[in-house]
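**Student:** Sequence:
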Amino acid sequence: RPSEVDRVAPTLVATAEAIRAARPGTQVVFAPAPAIRDMFLERFGAVRDWAIVTDETADWYDVMAAADLALACSGTVTSELAVQGTPFLVGYKTGWITWALARFFLYKPKHITLLNIAADDTEVVPEYLQTKFKVDALVRQSLEFLDDPARLAAQKQAQDNALDRMGEGVGHAPDIAARAILDMSSAV
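My numbering puts the last residue of the sequence shown at 188; the count rises by one with no breaks.
Treat the hints as calculated values from the structure; they're not laboratory data. Given the structure is predicted, the values throughout are model-derived calculations rather than measurements. Just so you know, not all the hints are guaranteed correct.
[What the hints assert, rightly or not] Below, a list of computed lysine to any residue pairs in the SDA-like style, where the Cα atoms sit at most 25 Å apart: (1) Lys110 to Asp55; (2) Lys156 to His111; (3) Lys132 to Asp49; (4) Lys132 to Glu144; (5) Lys132 to Asp55; (6) Lys132 to Asp120.
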């Protein structure tokens with residue numbers, strides 16, 4: 001979404017740059033969605049001086065699987081990262097009116113990441129939302145994770161547990177649909 005390039009990307013880019021400054025050997029990869037890639041590069045093209053920007057969505061899962069840690073914008077990518085076994089932090093910032101309406105009138109769970117909701121609304125994946133979506137907080141948490149392999153492993157395990165609760169491992173969607181159709185037809 002274009003609004004995410006304005007509201008979310010600046011913080012994620014600054015966080016990645018700060019992590020790289022703290023850990024000079026760190027390789028940073030950005031994988032913007034095709035719909036916003038040109039907008040991302042127009043605004044943040046200078047990242048190509050110190051990071052890789054993927055060109056193809058086909059590369060995404062390889063990039064995710066190879067990553068020690070990811071910084072993610074809230075959305076479908078969080079489940080994709082979990083399926084790839086990649087520990088991550090999630091952040092999001094939206095307009096204040098939208099946030100207030102959603103938080104106080106439309107949305108009751110305390111977390112927004114599907115993995116956290118699937119884990120009985122407990123924090124499997126650290127969330128940084130609205131006023132907590134700050135570079136210093138993301139950098140601090142990222143470096144703590146990168147310094148503690150046991151913590152990364154624990155998050156991977158918690159992500160796997162949440163995926164199990166979400167139905168991961170029960171088969172591919174076409175197989176599930178075929179079984180459901182067969183079950184319904186045998187009941188007739």
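**Student:** Between Lys132 and Asp120, is the straight-line Cα distance small enough, at 25 Å or below?
**Tutor:** The hint holds at about 22 Å.
**Student:** Between the alpha carbons of Lys110 and Asp55, is the straight-line distance 25 Å or under?
**Tutor:** Violated - the C-alpha atoms of Asp55 and Lys110 are around 35 Å apart, more than 25 Å.
**Student:** Check the hint pairing Lys156 with His111 against an upper bound of 25 Å on the C-alpha distance.
**Tutor:** holds, 18 Å
**Student:** Under the criterion that the straight-line Cα-Cα distance not exceed 25 Å, is the pair Lys132, Asp49 satisfied?
**Tutor:** Given pair Lys132, Asp49 is violated - Cα atoms ~28 Å apart, limit 25 Å.
**Student:** With the threshold set at 25 Å, check whether the alpha-carbon distance from Lys132 to Asp55 stays at or below it.
**Tutor:** violated, 31 Å
**Student:** Are the Cα atoms of Lys132 and Glu144 separated by 25 Å or less?
**Tutor:** This hinted pair holds, its Cα atoms lying about 17 Å apart.
The structure shown violates the earlier hints numbered 1, 3, 5.
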